[in-house]
Structures are given as C-alpha cells and as structure tokens.
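Chains as they are written, first to last, in full-length UniProt numbering: chain P, 1 to 285; chain G, 1 to 269.
To be clear, the hints were calculated from the coordinates, so they are not data collected in a lab. It is possible that part of the hints are untrue.
As the list claims (entries may be wrong) - Distance ranges between label pairs, derived from CB positions:
# : chain 1 : residue 1 : chain 2 : residue 2 : range
1 : P       : T25       : G       : L229      : 45 to 55 Å
2 : G       : A168      : P       : P128      : 51 to 61 Å
3 : G       : Q121      : P       : I136      : 55 to 65 Å
A virtual CB, placed ideally from N, CA and C, is assigned to each residue, including glycine.
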Amino acid sequence: MTLIQTLKHKIGFGTDGLTKRKTVTFGDTTAVSDGRMWSFLSVFVLSIAWYLGSALELVNPIFWPAPSAVWDQFTAISQDGYRNFSLWEHIWASLYRIFVGFALGCLIGIPLGFAMGLSELMRGWFDPIVEFFRPIPPLAFIPLVIIWSGIGERSKILLLFFAALWIMVIAARAGVGSVKLSKIHAAYSLGATKRQILMHVILPNSLPEIFTGMRVAMGICWGTVVAAELVAAESGVGFMIMAASKFLATDIVVLGVIIVGLIGYAIDILMRKLEAKLIPWKGRA
Amino acid sequence: MSDLVVNDVSMVFDTPNGEQVQALHDVSFSLKQGELLSILGPSGCGKSTLLNIIAGFLAPTKGTVALASTELHGPGSDRGMVFQQGALFEWLTVAENISFGPQMKGMPKEKIDETVDHLLQTVGLQDFGDKPIYELSGGMQQRVALARCLANDPDVILMDEPLGALDALTREKMQSLVLKLWKETGKTIILITHSVEEALFLGEKLFVMAPRPGRIKKQYSLPFADAGLTQNPRDIKASPEFISTREEVLSMIWEMEEEIMGLATGTGG
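Whole structure, please, built from the sequences with the hints as guidance.
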C-alpha cells in the first residue's frame, strides 16, 4: 500500500496528507497536482489508438498513415535525406532561421521597448507603429517579403524578425513599466547615475517580462517559420511537409508534423529551464 | 555640522479636474545633526510629500531645503532612503544589495567588502550575505534595507514607514534596532509612520501634521528614544507618561480624521 502510495506520488498521481483532508478542493489550485500520471496515460492511449486504428485498417493510409510507415520514413530520411538535404539539415535550416530572426528581433525590440518605456517622445512616436503592426500575422507579409528578397534565407529571416520584434518591444516596455518607483528612488538616493540605474536596476528588473516575451516570441517564430516554408523554401521542416504533400506522401507529412511539435515543445521546455536558472526571483519578489 | 533646514516649504498640486490641492503650506523646521524626528498625521496631511521634497524627488513650489548650509536640488547620496518594502533589488544577494551604493561610486573592492561585513554584523545578518533577498523574511529584508542605506554613509536617513508591513513582534525588535543604529551612527533620521506608539518611542522630536492644507499642527520633544537606549522598551511603553502622550496624540489624530470624514460627506452630500 505504502509503496503504491509513494509510487503514485512520484509520478504525480497522488495527494499529500493535508490535501487529502481538504474538504474544499474545487477552486483550490493548490489541491490540483500536475497530474503527470494522466499525461503519461493520455500519450499512451493516443498512441494505442493510432496503432489500432491503422492495424485494423479503420482509416485510409492516404489520410492518416500507420505509425510503422512514419517510423520507416523517419529511418529512411534520416539516412538518405529528403530532396537534396538530410533530415538534420532540414531541421537545422528551420532552427537557424528562427534563431537569427529571433535574435535580431530581440536586438532591436528590447532597446526600442526600453526607449518607449522611458521616454515620452519615443513612446508617442512608436506607439501607433507598434500597435498597427502587432496584430498583423507575420504570414500576411510573405508576398511582400518574397518580392523584396526572393525565397532565400533572407526573406524568412526578415519575416521572423518581424514576428519577434513587436512581441519583444511590448515585453520590454512592460518590463520597464513594472519597475517599482521605490526601487528607482532608492537607487538615486544611493548615488546611482541614470546610466547605472538603467543597467543595474531597470534592466535586471525587467528580465522576467523580457523572458516571458522571449518564450512567446520563440513559439510564434517557430510557427511562422514552418508556415513560411510551406509557402516558399528549398529546405526546412515546413518545406519537407509541403513537398511531400504534393506526392500524397502522408507519412512524410505526419513525420514533419511530429518533428515540428516535438521541437516546439523542446524549445519551450528549454526556455523554461533557462528562465528558472537565470531569473530565480521571478514571481517571488 | 550637517544640519537640515527646511524653510517655508509649500507644495501645490493641480489635479486633473482643475482643482488645486495645497499639499503643504509654509512648513519650516530644522534638525541638528543626530536628531531623530518622527512624523505622524492622517492620510493626506502631506507627510510623504514632505519626505519626497527632502529626498529631492519633488521640487517644492515655494521654499527651500538645505543640508549643511547647501541648498538641495534633486536626490543625492547624502540622504539615504528606507522604504516600506519592495525597494530592495531581488536579483542581487543580501551582500550585493548592501554594497550597491559603494559599488556605484566605484569604491575599491576591499573597502566595500569591509563595509559590507561590518554592516552585516551591525544588523545581525552575518550569516546571510550570500542569500538571495526573496528567501528572507520581511523583518530581515528591512534589516538589509537599513544596512544598504548605511553603506553609503549618508548624513540624513529618510524612512518612509519602514516597519509598516511587519508583524507586531518583529516590529518591536526592529524599533530597538533603529534606536541602536541611530545611537551608534549619529545619523539624522526622519521617520514617517502610521503608528503613534512607534512615533513616540522612536522620535526625539515628533511632528503631528494636519491636512488641508498640509502643515505641522503640533511639535513635541520626547524623552522616550533616549530612554529606549538603556531601558526595556516594554517598560517605557507602559509608563504613565508614555501612555498619556499617546492618548493625547491619538485623540488629536482622531479629531482630524473625523473632520476629514465630515468634510467628505459634507461636500459629497
């Protein structure tokens, strides 16, 4: 009994002693564990359903391939590549684009957001621009971007820069806005100069918001790069999916979709780990 | 000597709906170096405005503030601030918070380390130098705030309800610490508080301020802070003299609060 209890606890499917004594649990979020057990179960059930569905030939493989077909494509493509590029080159092509586009977005967006948070002129000047471009999905710019710089790397990076830019501007501006006046006053009374206050108070103080913005931007960038590659590219995971669909190679399409999902998931986990490491004070001030 | 002179200070705000609020009206006083002044008053009496003017965060519409015969404009490290809470830098450790001022001034590292070690001792946090701020209790955080302020060796320490968010027991301990630091360092201290007991116990001088317009209504010179250095704080707070002064001040503030309420309902209805 106790062994089962601890086991349940370890995988997140048990309640501790106090929680068990709680009579009111609905609405008490501390009484809701992360339900890790259910996560394992849901992945397991979905996999079984997929396997059974194709084993019993419930769906036409053209609509949805068998797991074994996807796996075979995975081993084949990871050995021989697909359309002139290896699988890793396709993945790297997509990742490279988001890293560069995202980095440029941060590089321009964060200082711009800071300026908007700190100066009336900058805020007033850029506010209509930011608010206008922010709600436009980056994909709406694909035709323009292709006209400007073709279907090469540059167009994709430009698009991703656009996708990340507004998010980072707003995150940085919010970060500046979150600094408590008493911290600024304290720093002035400790003899800090404006520059020192920017670097040693405002910047670190806004890191939690900036990091949240980075996580959102990363997610948007990943989605945008895949979509952009669907429209026009010569490599990348999105290109793989698009090229395969033209030959009704659903197994490759699904393989691509799974890769997109897994990498997106991995990026977010990585960002969350980084956040916990770099900004341990987040939410605890 | 670094005397603080507040001369004829007035402050008038324009509110968004066009009204003028006289936050302070002709406030004048002076403090000798090493005096401890506490300021009490109902909300809206301008005590925070006064503190912000002395700190240099607000420019008065009339009048001047001078420290050591030099007129003050803007904030400076000669006047340290201790805030209620949340003014510490949570991305820094306790020691890094304390060394912030000297660091900004580019003091040599050995000197900084020496200062920090000494101050950690003084406020009783010698084993907490490497701890992050957010792991500290409220009382400990305020100890860090005091130490951070002292690290810069200011002439005047301005305290804006530094103990307001602490529980009663911690608060009493911190009051004794403030007295100890005051005695040891000989700093001029201005303390704003909502607690009449705290104001009486810590203030060598006490100003009770009144609103509309903000002004000093009554000044006291009190013996309790000096006594607190040697005697048991509990005994002092239980002494007949302390209790009678406390009741006097309390009823004065009560009356003002009632008046404000009366005014509010009078104009509102």
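### Query
Is 51 to 61 Å a correct range for the gap between the Cβ atoms of A168 of chain G and P128 of chain P?
holds (52 Å)
#### Entry: CB-CB spacing for I136 of chain P and Q121 of chain G relative to the 55 to 65 Å hint
holds (59 Å)
#### Entry: CB-CB spacing for L229 of chain G and T25 of chain P relative to the 45 to 55 Å hint
Since the Cβ atoms of T25 of chain P and L229 of chain G sit about 54 Å apart, the hinted range of 45 to 55 Å holds.
Checked against the numbered hints above, the structure breaks none of them.
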